[in-house]
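*Asks:* Taken in order, these protein sequences are the chains called A and B. Residue numbers are given in this note's numbering: position 73 of the first sequence equals residue 73, and the series is strictly consecutive. Just so we're on the same page, this note's numbering is the position in the second sequence counted from 1, plus 1000.
Hint data in this document are derived by calculation from the structure and do not stem from the laboratory. All values reported here derive from a predicted model rather than from experimental measurement. Backbone N, C-alpha and C define an ideal beta-carbon position, used for all residues, glycine too. Some clues are possibly wrong.
Below, a list of computed lysine-lysine pairs in the DSSO-like style, where the Cα atoms sit at most 30 Å apart [said to hold, decoys possible]:
1. B/Lys1085 with A/Lys88
2. A/Lys188 with B/Lys1093
3. B/Lys1093 with A/Lys455
4. A/Lys188 with A/Lys210
5. A/Lys442 with A/Lys173
6. A/Lys442 with A/Lys455
7. B/Lys1085 with A/Lys188
Partial list, computed: chain A residues near chain B (C-beta under 8 Å) [to be verified]:
8. Gly24
9. Gln53
10. Leu351
Chain B residues, not near chain A, derived (Cβ > 10 Å throughout) [what the hints assert, rightly or not]:
11. Arg1010
12. Ser1019
13. Leu1020
14. Glu1024
15. Val1025
16. Phe1028
17. Ile1035
18. Asp1037
19. Val1050
20. Asn1061
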Amino acid sequence: MNYETTIGLEVHVQLATRSKAFCGCANNFGAAPNAQTCPVCLGLPGSLPVLNQAAFELAVRTALALNCQITDRIQFDRKHYFYPDLPKAFQISQYDQPLSHDGHLDIPVQEQTKRVRIHRAHLEEDAGKLLHEAGDGASLVDFNRAGVPLLEIVSEPDLASPDEAFTYLTRLKLILQYLEVSSCDMEKGTLRCDANLSVRRQGEAALGSKVEIKNLNSFRHVRAALRYEQERQVAALQSGQRIAQETRLWDAALERTRPMRSKEEASDYRYFREPDLVPFSVSPETIGRVREGLPELPESRKARLMRDDRLSSYDADLVTSSRRLADLYEATVALHRQPKAVANYLISELLAYAHVRSLEIEAVAVEPAHLAQLLQLIEAGAISRPVAKNVFVEMIESRVPPGEIVTRKGLGQISDGAALEGIIAQVIAANAQTVADVRAGKASAFQFLIGQCMKATQGKANPQRVAEQLRQSLSQQTGGS
Amino acid sequence: MPRITAEEVRVVAHLARLSLTDEEVRLFTQQLDTILDYVQQLQRLKTESVSPTTHVLPLANVLRPDQITPSLDPETVAALAPQRKGRFIQVPKIIETEPG
Ligand SMILES: [Zn+2]
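Chain A on its own, in the form it takes in the complex (with noise of 0.2 Å):
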């Protein structure tokens, strides 16, 4: 018997505004307990929310670049339930008539072009925080993240396995980075993921019973926790069992979900009108201009650079996998026109460099001028591949032009013939043995006898210039003797 699954995501990105959603405290992370906190974030009697420019204007922004339709007479509503993180007692959301509705996204699956229909995106608070003491039996609450500017981006459930929920969410993640509406940072809760799941026997026009997926936080957790529902749900039905409609929590250290609280009807949340808070519409102008503004999206960005630069998909793929890293090649390669050289170098030595030192991209400080003058002098053949790779990062470290730090340091590379002799001779002096194998045809003696020559030059000597020189002093000692 073979079953289909079916998953759809709801994403909550916070939006990078100075103030939050419907008052002038601070929306940044990390301020002390209960400092970013007002009448109107904490609910107090009398006070009343104004919804922030920036905020409306970030949801616009991203539903446009998700292809949705924004609503004709936007309205906010409240949603009741009662917990410590809910000062108010209800979230300021949106029900009826969210800011935006039926947008999709285009993922990739199997070389193919997959369209991910989006429910809705619409704007609502993110509630406070609550940290859980050991053992004294007692919950402490901070406020400063009630009333950040959230917007919730719902897909269909037309994922049909955890890898295209991994994928839409990369895809997703990505674009909302190139819009810069978000710092999409899911350590800090800045981007935020619950799935639903079901599975059915294949054929079966209904879909079977949807289980929410809760306390995911990172995208493998979100894979990882989809691979394991999957399992568990047609293992259940294989044996003839029921799967239950619930909310699970991911465990992430025993990997696998258990059950949570039954899940509360929607209508149960009590929705009506939020009276404080009035309509809201974008005209056509405005969405005109807005949708004119938007920066180019990773997709044609990455077939612009395999059209003008004829990078291949899989360099244009990783060039594009960051806007940082695209912009960076962008302006490299202005001012230095070989695109396949830049893109190789960004590729193997910046995403090296980042990885090693388990940095973003985005951490890393990488002036283009410096980059494209590190390339001119590897390619003019003033320095050796080896002296570039420590001026790279010098170069990142200090902020210094590479040309500087060459002269600075002496690290020009020794193509001279008479400096190279010297070396060579004393190479083949030192190491007799291997001089002898070099003779008797072992092709791994001769390497070994170049690295020594790089090596007594920390790397500056031109390696084609040393197999070269070595050879002829070999044969020209081999004639001698």
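Go by the hints and put chain B with the ligand onto chain A.
*Replies:* Same frame as chain A, now just chain B with the ligand:
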């Protein structure tokens, strides 16, 4: 025919975190039924041409600039709570991860 059942009253009471005795459930069911009966008179009005009114003022697109204004002193905020720990507000231990 009653417009609201005792069971519905119990559900609503649970959602509002009210604990009611059986006697109160009986009493409120009957009172709410009377209120709903009264409100039902509105159903007889023809409202097809009236758009829903959630705001009485003809205002739209009221926005504020994205500027930071001073927050309350965290000491004042913590002092508002019945229980505190440092500048945190303290509540009874919460076991499950948040809903919503
Ligand atoms: Zn506030």
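*Asks:* Indicate, hint by hint, whether the structure satisfies it.
*Replies:* Results for each hint:
Of the supplied pair hints, the one linking lysine 1085 of chain B and lysine 88 of chain A holds, its CA atoms being roughly 21 Å apart against a limit of 30 Å. With a C-alpha separation of about 23 Å, the suggested pairing of lysine 188 of chain A with lysine 1093 of chain B holds against the 30 Å cut-off. As the CA atoms of lysine 1093 of chain B and lysine 455 of chain A are separated by approximately 64 Å, the hinted pair breaks the 30 Å bound. For the hint pairing lysine 188 of chain A with lysine 210 of chain A, the CA-to-CA distance comes to about 29 Å; that is within 30 Å, so the pair holds.
At roughly 53 Å between alpha-carbon atoms, lysine 442 of chain A and lysine 173 of chain A are farther apart than 30 Å, so this suggested pair is violated. For a cut-off of 30 Å, the pair hint linking lysine 442 of chain A to lysine 455 of chain A stands: about 21 Å separates their Cα positions. Between lysine 1085 of chain B and lysine 188 of chain A the alpha-carbon distance is near 23 Å, which keeps this suggested pair within the 30 Å criterion. With a cut of 8 Å, the hint placing glycine 24 of chain A at the interface with chain B holds, because the nearest CB-to-CB distance is about 3 Å.
Restraint check, glutamine 53 of chain A versus chain B: the minimum CB separation of about 4 Å is within 8 Å; hint holds. Interface hint at leucine 351 of chain A: violated, since its Cβ lies 35 Å from the closest Cβ of chain B, which is beyond the 8 Å cut-off. Every CB of chain A lies more than 10 Å from the CB of arginine 1010 of chain B, the least distance being 13 Å, so the non-interface label holds. For serine 1019 of chain B, the shortest C-beta to C-beta distance to chain A comes to about 14 Å, beyond the 10 Å cut-off, and the non-interface label holds.
With a cut of 10 Å on Cβ distances, leucine 1020 of chain B stays outside the contact zone with chain A, its closest approach being about 17 Å. Against chain A, the non-interface label of glutamate 1024 of chain B holds: every CB pair exceeds 10 Å, the least being about 20 Å. Non-interface call for valine 1025 of chain B relative to chain A: holds, since the shortest CB-CB distance, roughly 19 Å, exceeds 10 Å. Phenylalanine 1028 of chain B, annotated as away from the interface, keeps every beta carbon of chain A farther than 10 Å; the closest lies near 17 Å.
The claim that isoleucine 1035 of chain B is not at the interface with chain A holds, since no C-beta of that chain comes within 10 Å of its own (minimum 17 Å). With a cut of 10 Å on Cβ distances, aspartate 1037 of chain B stays outside the contact zone with chain A, its closest approach being about 22 Å. The Cβ of valine 1050 of chain B lies farther than 10 Å from every Cβ of chain A, with a closest approach of about 16 Å, so its non-interface assignment holds. Not every CB of chain A is more than 10 Å from the CB of asparagine 1061 of chain B (nearest about 5 Å), against its label as outside the interface.
Hint check: violations occur at hints 3, 5, 10 and 20; the rest are consistent with the structure.
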